[in-house]
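K.L.:
For reference, the chains in residue letters:
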Amino acid sequence: MRNFILASLLLSSAAVAAEPTPTIPTFAEETKTAGINSTYKGEWVYMVGGGVATFDCNGDGFADMLLSGGTKKAKFYRNTSPQGGKLKFKAETSGLELDKVIGTYPLDIDSDGIMDLVLLRIGENIVMRGLGNCKFERANEAWAFDGGDAWSTSFAAIWEKGSTWPTLAIGNYIDRAQEISPWGSCTDNWLHRPANKKFAPPLALKPSFCALSMLFTDWNKSGTPSLRVSNDREYYEGGQEQLWHIDAGRPPALYTEAEGWKPLKIWGMGIASTDLDGDGYPEYFLTSMADHKLQTLAAAPAATFKDIAFAKGVTVHRPTTGTDLRPSTGWHAQFEDVNNDGLQDLFVAKGNVDKMPDFAAKDPNNLLLQGADGKFTDVASQAGVASTFTSRGAAVVDFNNDGLLDLVVVNRNDKAQLWRNTSTNLGHWLQLKLQQPTVNRDGIGSWIEVKQGDKIMRREITSGGGHASGENGWWHFGLGVSTQTQVRVVWPDGTAGEWQNVFDDKFYILERDKPAKLWLLK
Amino acid sequence: MKIFKSFIAVALAFSFFATAAVAGATPPQNVFFSWYRLALELVRHTATYTPPVASRSFAYMSIAAFEATASGPSTLQSLSGQLQSLPPAPKRQAGKTYNEAVILQATMQTIVENLFSNTGPTGHHAMDAFSKKIETEVTQEVKSDVVKRSETYGRSVANTIVKWAMKDGGAVIQNMGFPATYTLTKGPAHWVPTNTIDLQQNPLLPNWGKNRSFAMPNGATCQLAPPPEYSEDKNSEFYKQALEVVEIKKNLTPEQKAIAKFWSDDAMLTVTPPGHWISIAMQILERQNADMDKTADVLARLSIAEADAFIGCWNGKFQYDLVRPITYIKRVMDPKWEPLLNTPPFPEYPSGHSTQSAAAALVLTQAFGENFAFTDETGTKDGLKPRNFKSFAGAAEEAGISRLYGGIHYRAAIENGLAQGRCIGAFATALKTRK
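Protein chains in written order, with this note's numbering: chain A, 1 to 522; chain V, 1 to 435.
Derived by calculation from the structure, the hints in this document are not laboratory data. Don't take each hint at face value.
Unchecked claim - Listed below are several chain A residues computed to face chain V (Cβ distance under 8 Å; list not exhaustive):
| id | residue |
| --- | --- |
| 1 | Trp44 |
| 2 | Ser181 |
| 3 | Arg233 |
| 4 | Glu234 |
| 5 | Glu237 |
| 6 | Gly238 |
| 7 | Leu264 |
| 8 | Lys265 |
| 9 | Asp291 |
| 10 | Thr320 |
| 11 | Thr323 |
| 12 | Asp324 |
| 13 | Pro327 |
| 14 | Asp354 |
| 15 | Asp513 |
Everything numeric in this text was worked out from a predicted model, so none of it was measured. For every residue, glycine included, the Cβ atom is placed at its ideal position computed from N, Cα and C.
Please take these sequences and the hints and turn them into a complete structure.
P.N.:
Structural data, given as structure tokens:
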């Protein structure tokens, strides 16, 4: 039985404002006690990937999860944690237990209100239809999804304007048959567009440059998300980072230098986005090897971004703790407010590709707290999450619904790790879930806005990005001190809902054209 | 004309092996070429392979192949006694039969795997697959005792070179070549970081100019004339040369932009400047169906000249420690000015591409003649159009001036860099390589 014990505790906790020195959260590793025992295993073709999907597949409001297994079968875990208590998971047979799974993303493809999943694999990709109560079945044939035969490494999804079925972008890596000279052998990325409530044959996104992360994002607030693609320069020839126009009814088209796009060539491995500066436009953090990038829009409406990683203290180019100070290798990245001070923080999973001696072998993950001055400081070691396993995918999610964000990290050739946020001195919070009546029920492509006085925090609801890992569930906001809080949603079609008053430290369902509905544990 | 695409070339080489092996005689230069092509790929995919490091590895690879060949029935004369402290190659067993292709395979495999031991998993995966493939081809129809003897000998030559290489000062590259600590020289005339990449806040390989050189006596042998004296006075030569960078950027023609990009040769994204000249030499040697002696001779001299050029150039760079145009122009002329090319993370004077291109051109002119016209297809796989040249010297001059078009060097660094390169290259052309 779950214990509803936390709201009152949190209301009385020492509220935290955006202070010059952010409060460092504390985490306790509960992998073993929570019942998690999963390893992402494999050699060359599994050097990238190893992801986790978090989603609620039984309607209890708690995030369940699927962990990629590489050569081993993926593992599904039902979340049985008590609210606010220690984390508990139960391994179950769900139908998702497939091998060769690199990445995994949740998405309610058929908009039936039951979560489906996309499995990125070595070989054929598979879409899995949710049947309810955490059971799934293959749906490639039913949905005319061509899973292809590739080394699939990235994913993003969006509902294009007027569409009742999602568009999936799948990024592919090198031609795995090219053992002697794999360089320059990047295979085509695919765009699976809708056709009569099914998928049309995939469209090749040419040119493709070995995409390790993709994200549909409305970078210019035009109302039509574009597709950002982060590519691994290790393998492409003549390649660069990419931004695609994906306009309904039109062929995809790359943004050009004439539109302001500037070539950037990095070992792109993961994308995280958030509106850091409150100007309504997202910033993008791109993981890489050595220096990482944080891009902000330089001159709207041109598609020109400038790198502010150095200025913000998020280059995270080498370990900040330990004795191995060789350059770092970054993978999954995710912006979240882990100390509930109203400022977005940043988690970065780190890990050597595979015994590369010029890069740190013991490469601790980063937990970068944002200060009031907008600069970040790595506190992973103090917070207790500076794992030096070879990390890849991850998810920063509130697993026990206490308003404090927890963490799961997938490690290559080692056990996945799970941490509970055990902090007792953090600020207030709000967790929200979107709901549309028929199509795109989870409101992918919406923006949630949370207002406190003059301050508005914005969050773009996306499906994709990170590294091989995706989340769909409660969208978390840290609120800092307790004040009057209002929320509204700008839905994917651009319609802005009404501002609505909400209480701190609560869960709300934001259903289109309806009042915010308080969610309570059943 | 063949497209210079490495993986295609590798495939072609393998199909050639298949035919040759039936006849029982794989030309050793095919083995050599194949390994060089793989090395050109590894250079752009191995994190420490900045241009100086690449030049060093090309030199050791070529010297190993040269010495292995010179020890047998060839016209080549050992470079031992001519290169700085190069020991003699191990002797072959008198009266015993060897297979030159098998020797080359063992030599190149050993030395490439050593020099690129730090490459990533895909590089290792490729080296393993590549080696097995060539090994199978070259040993077909060769007696097992000959294979064993040849492999043992080839490895022993490579190990001799590796042991020699370990003591040159350039064997260990940490932090991708950027020192963890470094004290910047004070004053506006001196180099400061030119980008916001955290790793590059200290300059690349500040001690490279102290490395043991190859054919020239040491890194300070070919001294440069000093650059124009630093000044912010509008009438000064320094200001005028900076203004030239600004004016050229303002009026760049499409041809000048193409030239800048053609010779950009960025580390980690291309074969690097020394790899570019290796590529030029390989294209010509292939078109001429050059034999092993010619191939080994040309690539050894060329690689030695380039490696020496980077040592000499780096010696000058940290002697003068000159501020880059981007820094000076933003500070003194136009805060919003940006060059066409990314500014490399180390001092300006002299231009490395100029020094090493002039050295390379001297060697190739010696090998193929004055006014040797050629087409360079090095950048085709990165979308760059081939360029035609009337001579190697003309190509070197274009490589040099490309840095002015790119906005990363003043004219003095180019002109004096070319002169330094000609001085350094002369040591390579003076080597006695034939018996």
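K.L.:
For every hint, state whether the structure bears it out.
P.N.:
To see whether the hints hold, each was checked on the structure:
Hint status for tryptophan 44 of chain A: holds, given a least beta-carbon distance of 5 Å to chain V, under 8 Å. For serine 181 of chain A, the interface hint holds, since its Cβ comes within 8 Å of a Cβ in chain V; the closest pair sits about 4 Å apart. At a threshold of 8 Å, the smallest CB-CB gap from arginine 233 of chain A to chain V is about 7 Å, leaving the interface hint in force. Hint on glutamate 234 of chain A holds. Least Cβ distance to chain V is approximately 6 Å, under the 8 Å limit.
With a cut of 8 Å, the hint placing glutamate 237 of chain A at the interface with chain V holds, because the nearest CB-to-CB distance is about 5 Å. Evaluation of the glycine 238 of chain A hint against chain V yields a held restraint, the C-beta minimum of about 4 Å falling below 8 Å. For leucine 264 of chain A, the shortest C-beta to C-beta distance to chain V is roughly 11 Å, which exceeds 8 Å, and the interface hint is violated. The interface hint given for lysine 265 of chain A holds, since its Cβ lies 6 Å from the closest Cβ of chain V, which is under the 8 Å cut-off.
The interface hint given for aspartate 291 of chain A holds, since its Cβ lies 5 Å from the closest Cβ of chain V, which is under the 8 Å cut-off. Interface hint status for threonine 320 of chain A: violated, as the beta-carbon distance to the closest one in chain V is roughly 12 Å, over 8 Å. Taken as an interface hint, threonine 323 of chain A does not check out: its beta carbon lies about 13 Å from the nearest beta carbon of chain V, beyond 8 Å. Hint status for aspartate 324 of chain A relative to chain V: violated, with the closest Cβ pair at about 12 Å, above 8 Å.
The interface hint given for proline 327 of chain A is met, as the beta carbon of that residue sits about 6 Å from the closest beta carbon of chain V, less than 8 Å. The interface hint given for aspartate 354 of chain A holds, since its Cβ lies 4 Å from the closest Cβ of chain V, which is under the 8 Å cut-off. Look at aspartate 513 of chain A: its Cβ only gets to about 46 Å from chain V, farther than 8 Å, so that hint breaks.
Consistency note: the structure conflicts with the earlier hints numbered 7, 10, 11, 12 and 15.
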